[in-house]
Each structure stands twice: as C-alpha cells, then as structure tokens.
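Those letters in the sequence shown? Residues 104 to 169, per the numbering used here, in order.
Keep in mind the hints are simulated off the structure, nothing from the lab.
Cβ coordinates follow ideal geometry from the N, Cα and C atoms, glycine included.
Check the hints yourself; a few may be wrong.
[Stated by the list, open to error] In silico DSSO-like links for lysine-lysine, alpha-carbon gap of 27 Å or less: (1) K135 / K162; (2) K125 / K111; (3) K152 / K135; (4) K135 / K125; (5) K162 / K152; (6) K135 / K111; (7) K125 / K152.
[Said to hold, decoys possible] Taking CB as the label site, the calculated pair distances span: (8) N147 / R127: 18 to 24 Å; (9) R161 / Q133: 38 to 44 Å; (10) R161 / I126: 21 to 27 Å; (11) P110 / S150: 19 to 25 Å; (12) E156 / Y107: 16 to 22 Å; (13) V114 / L134: 16 to 22 Å; (14) D108 / R160: 28 to 34 Å; (15) E156 / P110: 19 to 25 Å; (16) E128 / R160: 26 to 32 Å; (17) Y131 / R161: 29 to 35 Å; (18) F145 / V114: 18 to 24 Å; (19) G165 / A137: 36 to 42 Å; (20) Y131 / L157: 23 to 29 Å.
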Amino acid sequence: MIHYDLPKPEVSRNFTTDDIHKIREWHYAQLKDASITERLNFYNASSVKMQRELDIRRKNAGTLGW
Numbered sequence: 104m105i106h107y108d109l110p111k112p113e114v115s116r117n118f119t120t121d122d123i124h125k126i127r128e129w130h131y132a133q134l135k136d137a138s139i140t141e142r143l144n145f146y147n148a149s150s151v152k153m154q155r156e157l158d159i160r161r162k163n164a165g166t167l168g169w
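Can you make the complete structure from the sequences, with help from the hints?
This is how it looks when you write it as structure tokens:
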C-alpha cells in the first residue's frame, strides 16, 4: 500500500543536501509498504508525467529561439 497521505517535506530556497535527505526519507515512507506492482505503477506514472513536461519544454524552447 502506498501512503499518499504523508505531507510533502518543505525544502529550503537554497535546496541543500538536507533537503535531498528529507525528500528521500519521505519517498521511502510513502513506498515502504507498497507491493512491487504498486511501486512499478508509481514510478511509471511519474515517468510519464515527467516525459510530458519535458516534451512541452522542448517545444517551447524551440519557439523561444533557444
């Protein structure tokens, strides 16, 4: 079971290594009781979302002359 109810950690404006540790701990707590199938679905959904975002940014970068 994935624990979606855990609040996201607050990160500093400087994004330090402590922030990375907070995110990793939060991520671990979310997935610690998840089955392999649940983990795969979680990561696949995240990768699809990120790929869409990258595609949008690539298209916009082309129109901005970058």
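Verification of the hints:
Restraint check: the Cα-Cα separation between K135 and K162 comes to about 37 Å, which exceeds 27 Å; the hinted pair is violated. Simply put, K125 and K111 have alpha-carbon atoms about 9 Å apart, close enough for the 27 Å limit, and the pair holds. Of the pairs offered as hints, the one joining K152 and K135 holds, with about 22 Å between alpha carbons and a cut-off of 27 Å not exceeded. Taking the CA atoms of K135 and K125, the gap is near 15 Å; set against the 27 Å cutoff, the hint holds.
Taking the CA atoms of K162 and K152, the gap is about 16 Å. The hint holds against a cut of 27 Å. A threshold of 27 Å between alpha carbons decides the hint, and for K135 with K111 the separation of about 16 Å falls inside it, so the pair holds. A hinted pair counts as satisfied when its Cα atoms are at most 27 Å apart, and K125 with K152 qualifies at roughly 22 Å. As the Cβ distance of N147 to R127 is approximately 20 Å, the hint placing it in 18 to 24 Å holds.
Taken as a hint, the range 38 to 44 Å is violated for the pair R161 and Q133, whose Cβ atoms sit roughly 29 Å apart. The hinted range of 21 to 27 Å is satisfied by R161 and I126, whose Cβ atoms lie roughly 25 Å apart. One distance hint, 19 to 25 Å for the beta-carbon pair P110 and S150, holds here, with the actual separation near 24 Å. A hinted range of 16 to 22 Å holds for the C-beta pair E156 and Y107, which are about 20 Å apart.
V114 and L134 have their C-beta atoms about 19 Å apart, which keeps the hinted 16 to 22 Å range intact. Distance hint check: the CB atoms of D108 and R160 are about 31 Å apart, consistent with the given range 28 to 34 Å. Taken as a hint, the range 19 to 25 Å holds for the pair E156 and P110, whose Cβ atoms sit roughly 23 Å apart. Restraint check, E128 to R160: a C-beta distance of roughly 29 Å satisfies the suggested window 26 to 32 Å.
At roughly 32 Å, the beta carbons of Y131 and R161 sit within the given window of 29 to 35 Å. For F145 and V114, the Cβ-Cβ distance of about 21 Å falls inside the hinted range of 18 to 24 Å, so the restraint holds. As the Cβ distance of G165 to A137 is approximately 38 Å, the hint placing it in 36 to 42 Å holds. For the pair Y131 and L157, the beta carbons lie near 26 Å from each other, so the given range of 23 to 29 Å is met.
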